[in-house]
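A.B. asks: Take a look at the letters that make up each chain.
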Amino acid sequence: GESVGLHLPTLSVQEGDNSIINCAYSNSASDYFIWYKQESGKGPQFIIDIRSNMDKRQGQRVTVLLNKTVKHLSLQIAATQPGDSAVYFCAENIGGNTPLVFGKGTRLSVIA
Amino acid sequence: GAGVSQTPSNKVTEKGKYVELRCDPISGHTALYWYRQSLGQGPEFLIYFQGTGAADDSGLPNDRFFAVRPEGSVSTLKIQRTERGDSAVYLCASSSRPGAGVEDQYFGPGTRLLVL
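Protein sequences, first through last, are from chains A and B.
For the first sequence, the working numbering gives the first residue as 310, with consecutive numbering after it.
For the second sequence, the working numbering gives the first residue as 1288, with consecutive numbering after it.
Keep in mind that a hint or two might mislead.
Pairwise CB distance ranges, derived in the manner of DEER restraints [stated by the list, open to error]:
no.: 1; chain 1: B; residue 1: ARG1309; chain 2: A; residue 2: THR378; range: 41 to 51 Å
no.: 2; chain 1: A; residue 1: GLN354; chain 2: B; residue 2: SER1325; range: 11 to 21 Å
no.: 3; chain 1: B; residue 1: THR1294; chain 2: A; residue 2: ALA387; range: 33 to 43 Å
no.: 4; chain 1: B; residue 1: ASP1344; chain 2: A; residue 2: ASP326; range: 36 to 46 Å
no.: 5; chain 1: A; residue 1: ILE420; chain 2: B; residue 2: GLY1303; range: 28 to 38 Å
no.: 6; chain 1: A; residue 1: GLN323; chain 2: B; residue 2: LEU1326; range: 38 to 48 Å
no.: 7; chain 1: A; residue 1: GLY325; chain 2: B; residue 2: ASP1343; range: 41 to 51 Å
no.: 8; chain 1: B; residue 1: GLY1303; chain 2: A; residue 2: GLY325; range: 48 to 58 Å
no.: 9; chain 1: A; residue 1: ALA421; chain 2: B; residue 2: ARG1368; range: 46 to 56 Å
no.: 10; chain 1: A; residue 1: GLY325; chain 2: B; residue 2: THR1363; range: 20 to 30 Å
no.: 11; chain 1: B; residue 1: ARG1309; chain 2: A; residue 2: ASP340; range: 29 to 39 Å
no.: 12; chain 1: B; residue 1: LEU1326; chain 2: A; residue 2: ASN331; range: 42 to 52 Å
Which bits of chain A does chain B cover? Going by a derived footprint, with three or more residues having C-beta under 8 Å, they are [what the hints assert, rightly or not]:
no.: 13; segment: 363 to 377
no.: 14; segment: 409 to 419
No lab work stands behind these hints: they were computed from the structure.
Ideal Cβ placement from N, Cα and C applies to all residues, glycine included.
Model the full assembly from the supplied sequences, consistent with the hints where possible.
C.D. replies: Below is the structure:
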């Protein structure tokens, strides 16, 4: 089937290692920053979000870090598993039910 | 429960033809969004409905694109005089209520449109 990200930067990690995916955002007025996972042939799936008044938030196996000074967002995945293989996008919005602005994606490839 | 569904899953058409893409949001969700995703890119916002009305249509690229949501549930994205550059995956998302968090925006699987 059609691939979402044929020309995306790729991060290859060994199964069990930690992964770090980075993203630069553009709008200083954005209040929410979100990470999405997109598998081939599917729509984006919410992973975790962080509000602009925070610099770190943890979920299950995932951590998002926000550096507003340099407009940088990162997603850390602990103990990466083959099922984590997908394209990851960061997104931002001004909150709630407002449209998302997506950044460039990164393809994560987990080597078993 | 059922998620956001989109039909058709794939659509092949010829340049100049008219197409309609359908989105069935999660039942009860008041907000509905259309995005377009070109190969190798992140989704780009097209239009957002709150209920029956278009709250923001600033992402529609030109007047060939139009979307409706007459009863506040199902939405149809309509593209007139299709061009090869319209080829993309068209994604729909829905959200439960005003003030809902971003985690409440659920995406459908998309319609893959190919204009020959």
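A.B. asks: Given a hint of 48 to 58 Å, does the C-beta separation of GLY1303/B and GLY325/A actually sit inside it?
C.D. replies: holds (53 Å)
A.B. asks: Taking 11 to 21 Å as the hint, is the beta-carbon distance of GLN354/A and SER1325/B inside that range?
C.D. replies: holds (20 Å)
A.B. asks: Just to be sure I understand the hint, the distance between the Cβ atoms of ARG1309/B and ASP340/A should be within 29 to 39 Å; is that true here?
C.D. replies: About 32 Å separates the Cβ atoms of ARG1309/B and ASP340/A, which means 29 to 39 Å holds.
A.B. asks: Just tell me: holds or violated, for the beta carbon distance of ASP1344/B and ASP326/A against 36 to 46 Å?
C.D. replies: Once the Cβ atoms are compared, 44 Å apart, the range 36 to 46 Å for ASP326/A and ASP1344/B holds.
A.B. asks: Would you say the C-beta atoms of ARG1309/B and THR378/A sit inside 41 to 51 Å of each other?
C.D. replies: Distance hint for ARG1309/B, THR378/A holds at roughly 44 Å.
A.B. asks: Please check whether GLY325/A and ASP1343/B have a Cβ separation lying inside 41 to 51 Å.
C.D. replies: holds (44 Å)
A.B. asks: Between THR1294/B and ALA387/A, does the C-beta distance stay in 33 to 43 Å?
C.D. replies: holds (38 Å)
A.B. asks: Is it true that ALA421/A and ARG1368/B lie within 46 to 56 Å of each other by Cβ?
C.D. replies: holds (48 Å)
A.B. asks: Quick one: are ILE420/A and GLY1303/B within 28 to 38 Å, going by C-beta?
C.D. replies: violated (46 Å)
A.B. asks: Quick one: see if chain B covers the segment 363 to 377 of chain A, three-plus residues with Cβ-Cβ under 8 Å.
C.D. replies: As far as the segment 363 to 377 of chain A goes, the hint is violated, because 0 residues have Cβ atoms under 8 Å from chain B.
A.B. asks: Are LEU1326/B and ASN331/A spaced within 42 to 52 Å by their CB atoms?
C.D. replies: violated (22 Å)
A.B. asks: For the hint 20 to 30 Å, verify it against the beta carbon of GLY325/A and that of THR1363/B.
C.D. replies: violated (46 Å)
Against the hints set out earlier in the document, violations occur for numbers 5, 6, 10, 12, 13.
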